[in-house]
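Participant: Given chain F, work out where chains Z, A, B, V and L should sit, using these hints.
Protein chains: 6
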Amino acid sequence: MKYIEILREGERVSEVYLCKTKQIAKTKMGKTYYSLTLQDKTGTVDAKIWDLSAGIDHFEALSYIKIDGDVTSFQGALQINIRRLRVASEGEYNPADYLPVSSKDIGQMYGELLGFVKSIKNEKLRTLAESFFVNDTEFVKEFRSHSAAKTVHHGFVGGLLEHTLSVVKLCDFYCVHYPILKRDLLIAAALFHDIGKTRELSDFPENAYTDEGQLLGHIVIGTLMVDEKIRRIPGFPAKTAAELKHCILAHHGEFEYGSPKKPALAEAVALNFADNTDAKMQTLTELFDSNAGNHDWLGFNRLLDSNVRMTTEL
Amino acid sequence: MKYIEILREGERVSEVYLCKTKQIAKTKMGKTYYSLTLQDKTGTVDAKIWDLSAGIDHFEALSYIKIDGDVTSFQGALQINIRRLRVASEGEYNPADYLPVSSKDIGQMYGELLGFVKSIKNEKLRTLAESFFVNDTEFVKEFRSHSAAKTVHHGFVGGLLEHTLSVVKLCDFYCVHYPILKRDLLIAAALFHDIGKTRELSDFPENAYTDEGQLLGHIVIGTLMVDEKIRRIPGFPAKTAAELKHCILAHHGEFEYGSPKKPALAEAVALNFADNTDAKMQTLTELFDSNAGNHDWLGFNRLLDSNVRMTTEL
Amino acid sequence: MKYIEILREGERVSEVYLCKTKQIAKTKMGKTYYSLTLQDKTGTVDAKIWDLSAGIDHFEALSYIKIDGDVTSFQGALQINIRRLRVASEGEYNPADYLPVSSKDIGQMYGELLGFVKSIKNEKLRTLAESFFVNDTEFVKEFRSHSAAKTVHHGFVGGLLEHTLSVVKLCDFYCVHYPILKRDLLIAAALFHDIGKTRELSDFPENAYTDEGQLLGHIVIGTLMVDEKIRRIPGFPAKTAAELKHCILAHHGEFEYGSPKKPALAEAVALNFADNTDAKMQTLTELFDSNAGNHDWLGFNRLLDSNVRMTTEL
Amino acid sequence: MKYIEILREGERVSEVYLCKTKQIAKTKMGKTYYSLTLQDKTGTVDAKIWDLSAGIDHFEALSYIKIDGDVTSFQGALQINIRRLRVASEGEYNPADYLPVSSKDIGQMYGELLGFVKSIKNEKLRTLAESFFVNDTEFVKEFRSHSAAKTVHHGFVGGLLEHTLSVVKLCDFYCVHYPILKRDLLIAAALFHDIGKTRELSDFPENAYTDEGQLLGHIVIGTLMVDEKIRRIPGFPAKTAAELKHCILAHHGEFEYGSPKKPALAEAVALNFADNTDAKMQTLTELFDSNAGNHDWLGFNRLLDSNVRMTTEL
Amino acid sequence: MKYIEILREGERVSEVYLCKTKQIAKTKMGKTYYSLTLQDKTGTVDAKIWDLSAGIDHFEALSYIKIDGDVTSFQGALQINIRRLRVASEGEYNPADYLPVSSKDIGQMYGELLGFVKSIKNEKLRTLAESFFVNDTEFVKEFRSHSAAKTVHHGFVGGLLEHTLSVVKLCDFYCVHYPILKRDLLIAAALFHDIGKTRELSDFPENAYTDEGQLLGHIVIGTLMVDEKIRRIPGFPAKTAAELKHCILAHHGEFEYGSPKKPALAEAVALNFADNTDAKMQTLTELFDSNAGNHDWLGFNRLLDSNVRMTTEL
Amino acid sequence: MKYIEILREGERVSEVYLCKTKQIAKTKMGKTYYSLTLQDKTGTVDAKIWDLSAGIDHFEALSYIKIDGDVTSFQGALQINIRRLRVASEGEYNPADYLPVSSKDIGQMYGELLGFVKSIKNEKLRTLAESFFVNDTEFVKEFRSHSAAKTVHHGFVGGLLEHTLSVVKLCDFYCVHYPILKRDLLIAAALFHDIGKTRELSDFPENAYTDEGQLLGHIVIGTLMVDEKIRRIPGFPAKTAAELKHCILAHHGEFEYGSPKKPALAEAVALNFADNTDAKMQTLTELFDSNAGNHDWLGFNRLLDSNVRMTTEL
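Chains as they are written, first to last, in the UniProt record's numbering: chain F, 1 to 314; chain Z, 1 to 314; chain A, 1 to 314; chain B, 1 to 314; chain V, 1 to 314; chain L, 1 to 314.
It is possible that part of the hints are untrue.
For chains that are exact copies, the list does not tell them apart, and a pair is met inside one copy or across any two.
Here are the simulated lysine to aspartate or glutamate pairs, EDC-like style, with alpha carbons at most 16 Å apart [claimed, not checked]:
no.	residue 1	residue 2
1	Lys104	Glu123
2	Lys121	Glu313
3	Lys169	Asp136
4	Lys239	Asp211
5	Lys150	Asp211
6	Lys239	Asp296
7	Lys26	Glu5
8	Lys41	Glu256
9	Lys262	Glu130
10	Lys22	Asp136
11	Lys150	Glu313
Please keep in mind that the hints were generated in silico from the structure rather than gathered at the bench.
The following block holds chain F by itself, in its conformation from the complex (with noise of 0.2 Å):
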């Protein structure tokens, strides 16, 4: 496959991309034309098709597409002039070619995942994380495939689980670190803590805010969804399900960062840690990922504050 990022000025090209975005746009001079964003998991490129009268066939923004143009430069970036496109049928390409995906394996993580859901030794605790991760096939669908993030980190498929697994990692560290930790409580809040971003973030690959998450936010719907789950298990304890929508409400830890309530048991404190450890040690990973090689300054980081670079090898 010709890939986005190998593209040269000059070049006929003829591939299946994604298409991102479409939009009708009209020249100075009133003419019509669609302007697109292409996507292949190494990049984006725009598109123009000037001449809409033939050779183009209907077709929607988020829809694989072949065309055939040619790769012209526009103010110092590239464009691709559109002359002919059709939409592609399934076998003409592989979606894993076009979309940003997890270096590591999907079903390997769920399969550790799932260790740590049959680990937790309280009865509806267990059975609250199964009806999520085992009995609910249309969320695990979503959990398995959603990226943790529009961008910042873990913003690719598979992102969300690879992010949630790596959080209940480091919780179970912990609660082997600091005895005053509740194991169960701790597993099953770290298993939930992100779970709205399932509909705060729309599937790839379009992967943007929902109306929902814009008005409500991931720490709220994920609150309402263990909230509604709770209430299907008879005999949930009170006290529990309160404490365990309070570590998903807390674990951003502070007001500015969207959380209503800052940790106030133990285990929403240890939540908190693992979250943002975990987000800024991926920031500065994928950072350094897209930047192999280089030991300079990295220039500033507004996750991290600061100007960043790679430590010198010892």
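Facilitator: Using the frame of chain F, we list chains Z, A, B, V and L on its own:
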């Protein structure tokens, strides 16, 4: 009735009071005694039972007790030394004498509130409002008698109702003044904005933060309550549901005041202003009431972040 | 009239526009040319006069000019190359076509405002209000035509009047709703709260910060204006004078918004809410007007510190 | 004279003191008594008049009273039980014994200050300065005897003059050191920067915030005072007037310290530094004076936001 | 031994205590007396020596003293009136009874710590670590017995070691979990991060801020200590030296917590999380220990900025 | 010499410039070219070498190069297309033409500074100052030629010296004005306060943050430098050493500006004011210099957090 505010050192007293708190303690010499806080609507007073052997029946905190004792003074404050004590029977006292109560008529205020419920034109929103304010008798009872706060403003029986009605009326005026506002959504949001307080604070006479209140807060509790009832209304539009929940979540206006989202809809902005305006004006009203006739500076007020005083008469 | 918003590349244009700015520049080859910004009420457009020799009469910025030229395009934006230019005579154009104007009738709004002036019962305060709004014809002229802001909200001819009237009405409602408020003081303070803007911002068409506006700000300028007129009213009570000035000083509510004092009187608190409520609701109104029919998320709004959107129709 | 700081329990005392405050109170038994605060320049002491019937003449707070009484102790503090009391006649006491006073000579400091007034070369600014510091005898009297603060630093008779002179001298040095500074403007601004304190704080012995001081603050009061006098000087340049008022308004440097404008002119920046430098250095000077010989850490100082100590002798 | 926590009013006591502070004071009648604070590991108690004439040997603060006296009560707190006093000889008391001590074995913890020192593969870094933890016997002695804080968390003998070991272990886990981390640098930084506390806080029993601690703080002191030893290691790479010092400087993570640099390397980010996680979890551990069995809300905790409670048992 | 600020489009140029940066790039067609930034003391200009084959000798960034080329224009900025290039020999150019340089005489300023060194009466502190400013010739060379900043203020050759001398003079004046200040300590601290900049910023012409500068900052670097030299002075008093280091650490005054300690000594407070005053006054001086004759508002200045302008001439 002999109200607490008129007790004087040296008097004997024989009266029914509400026992707000009861603590078992030991003197430095090792003798067990009881330390109580007695309350009526005019204030509270400390009381001690030094001799538990005779004349002291069994009783619990938050019950009405008939006491006989002597008013003494300790470190500048009055104290009652109780000699005899028994639990009062229902006819012996009038609960209204023991709790701070709204100066307005609860029945009449509730009637006005129902008028606003009925004025909602959209059927789904009105059904939702009625499912709380008309059909849920348990909720209605709680809502009518709850305070809107532990201290600060509206901290009395009927305070939640009084504050809610006032906010609804402000919002009703805004709808006339600002045509962009959708009246049905805003009135519904105003009605619901503080219903979480029925679970965040315990009933009078305790009126203290509940465990759930500490862990989740009334903003999220109210959102959960609305979410649950919406599920039972077939065909409730998802977008309106999210907008309504957003208004509740955002009604404190700022992250640091516990709202996990900033107001993003005109109605959420308006509700935040109505709530905030009413809180501050009521705070001043209560402050001026308790300093009637005092036109001096009254000292620093934390909510207003300023020294305040009544305005000069013209 | 050929409005700027409908100009298209390639057209010839012969029209009167307001010359907002005029700069003398040199090409890299050293030739002098003029760079103008032309304005009408639909927007602005850049214009160049490359050849100053013939057909270009003398003119100044902020005058109405009749131009002949060609509409071209430079770096994605339209530009007019002017070939002929002269100052337009008064009858050739209607100023209302060139400035953003309140959609409401200025005369009618001013009439309503005078009604509130007359409703002040205290003679001294009413005399003071009349000394501005009735007797000071220079002030009245400025006040009626001023904007309330350079950009943000109410940034149009009549904006100051429209905002002031709206704030007065909110305060009038508060007085009914909250008995602690002294109506005469609050209505007077509302009338005066932004009069400093007549000196902080220059007249239309310029509508820019004046030197005095930059150095002192409208809050202090307004206080100085009121202070000066109060001195001329024999027997004006000193305490009321200080209270009125306090309300003006404190009407932004927070130090960081330029108020040197926090609201310390009930009327100052109320005025701050009325001003803030009107600013935010008007910001939303103008935003929705300029995005009519658009129910998508409209992007981050700085004043509201949130992404915003119109509410769904029920 | 028997100063308050040397009174001891068990002594009889017969002395003239300043009566700082006088409150009428009732014992728990309902008997009326007076509670006074007596003051001399060494401190204050509580006093009670339990028996109002005989030997107690009529008197008001803030008058000098001759008392006879016994020094007792109550809750760890000394207290005088007054048996006889009458208002002292003028010759019986020396006011200087009763108020904290600058250690520097007020006449000499004022002479220096007038030297700076005369050194202003610009006629309008000098005229303005003279209209306060030379011609307004009422103002001169207030200015010479006022404190610069209720507590904090320079809280003594002559403190306003001492602080103003010190700030003027710092500014004078800045003018030599930084050629961009316009000396006439800066010296004038330094002279005027705190004159509002003559109305923000009442005269000694009260030295408390006035009502106007609470409502407007010395920054705005000073600006109003200067504004009024400028109007009486024909031909005073408007731009210089605005610049001077700006320097006064901005001299606290930050919104949160009550300046409605940030310094925007070099002279305003310089004045802010001179005022701030003098405030902090004087705070340390007073702190070290009252801990003479103590080289330990003196505890947390709020203005400096740090624990502080004297520097080791080399 | 008669521990302070079990003393009761009215008892006679004859016991050795640590004299934490000694102050010479005068009664209001002018008589000299001593005011002491006595300490053992269960708490502190005030003591007075009213009669200095007989039976009171010479002694200094921070020495162990044998006292005979009576337990009385003053203003609600116990107080010992000492009649006889002498300095105790070494065999008469066990220092471990007088100081708060880590519940873990110091020798075993130090052994574990040395294991981590040895696990550093890079020779220069390991040499540096050994130059402190193996070869500098004076340092080793200080490090093993120091607290990690005056109050807050780890404020006991061995606290610095216990905290350091815990942080090292968290970092060790991070290195497994996040491959971008350079283990040698991170382990070394974790070992050194708080060594400045050996000079910021004085030894037990005083355990107070030293003068140098107040002036420089443990972050900078630790950096100076490492800097000095690095100079003695020929060929220590300059870049690694700077990175190591950076990790120490940045380990508080935020300017407002005294770090002059924000973490700019992955190891600095990780160390900051390890330190912060351990501080908060230990704070909760100590809080729960001192409230054993109490599942109520324990009140507002300043470090966690929230009311906290133990989690419910499942 | 043909300075960069007078180059015009269309000219040929043959001149020696400093090559500030050199980057190797590829055109979209894959051809290698060089992109340079050329600098002299009047500014910088982009330059390209499209054809690397002939007439282009080998050269490195930060060397002086003799170029022949054509001045063109690209996207509104000048650009030199270089045809021939060789490294210039030492006699061909005068380095002073290529770097921004203090307008004051470096030798004379350094002489003044040494006068202050000699004026320190305490032998140990004077020895310490001499160990840097007299005996350490490498340091002296660096110190005389360094800038005090990358951009902001004093960003020129000699800037560090000019700023340091100015701060010393302010401190010298403070010592006369405020008797509590210990002159020896304050003058020494002023001399040393920014010496860390000799290592935080690289030498001209680069003048960029060094790796050590990014990781440690000049505040800590300067403290380490002083600490090291103090160790070599036998009998240097430990307390004075800590006080001096404290003054350096605290001279930014606030945590958020990188000081790990707030000023706790009078000299640290004074140094912070001197440094801050000089920074802001020099910022204004440089701003006004580069806008000579411009009395308009100059736009928002980040350091002063305000729009600024020159003051009107009187």
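Participant: How would you label the pair lysine 262, glutamate 130 (within, between, both, or neither) given a Cα cut-off of 16 Å?
Facilitator: neither (28 Å within a copy, 34 Å between copies)
Participant: Could you figure out if lysine 26 and glutamate 5 sit no more than 16 Å apart (CA to CA) within one copy, between two copies, both or neither?
Facilitator: Answer is between: at 15 Å across copies they meet the 16 Å cutoff, but 29 Å inside does not.
Participant: As a check of your reading, is lysine 121 near glutamate 313 (CA-CA no more than 16 Å) within one copy, between copies, both or neither?
Facilitator: Classified as between; 13 Å across copies, 44 Å inside a copy.
Participant: With identical chains treated as interchangeable, where does the CA-CA distance between lysine 150 and aspartate 211 reach 16 Å or less: within a copy, between copies, both, or neither?
Facilitator: within (14 Å within a copy, 33 Å between copies)
Participant: Is it within, between, both, or neither for lysine 22 and aspartate 136, if the alpha carbons may be no more than 16 Å apart?
Facilitator: Neither. Shortest intra-copy (34 Å) and inter-copy (49 Å) distances fail the 16 Å Cα cut-off.
Participant: Check lysine 239 against aspartate 211 for me: Cα-Cα at most 16 Å, and say if that holds within a copy, between copies, both or neither.
Facilitator: For lysine 239 and aspartate 211, the Cα distance is within 16 Å only across copies (8 Å; inside one copy 32 Å).
Participant: Reference check for the pair lysine 239 and aspartate 296, CA-CA at most 16 Å: within, between, both, or neither?
Facilitator: Answer is between: at 12 Å across copies they meet the 16 Å cutoff, but 52 Å inside does not.
Participant: Indicate which option fits the pair lysine 41, glutamate 256 if close means a Cα-Cα distance not exceeding 16 Å: within, between, both or neither.
Facilitator: Close neither inside one copy (33 Å) nor across copies (39 Å); limit 16 Å.
Participant: Between the shortest in-copy and the shortest cross-copy C-alpha distance, which are at most 16 Å for lysine 104 and glutamate 123: within, between, both, or neither?
Facilitator: neither (31 Å within a copy, 34 Å between copies)
Participant: Is it within a copy, between copies, both, or neither that the alpha carbon of lysine 169 lies no farther than 16 Å from that of aspartate 136?
Facilitator: neither (23 Å within a copy, 38 Å between copies)
Participant: Given a CA cutoff of 16 Å, do lysine 150 and glutamate 313 count as a within-copy pair, a between-copy pair, both, or neither?
Facilitator: neither (32 Å within a copy, 29 Å between copies)
Hint compliance for this structure: hints 1, 3, 8, 9, 10 and 11 are not met, and every other hint is.
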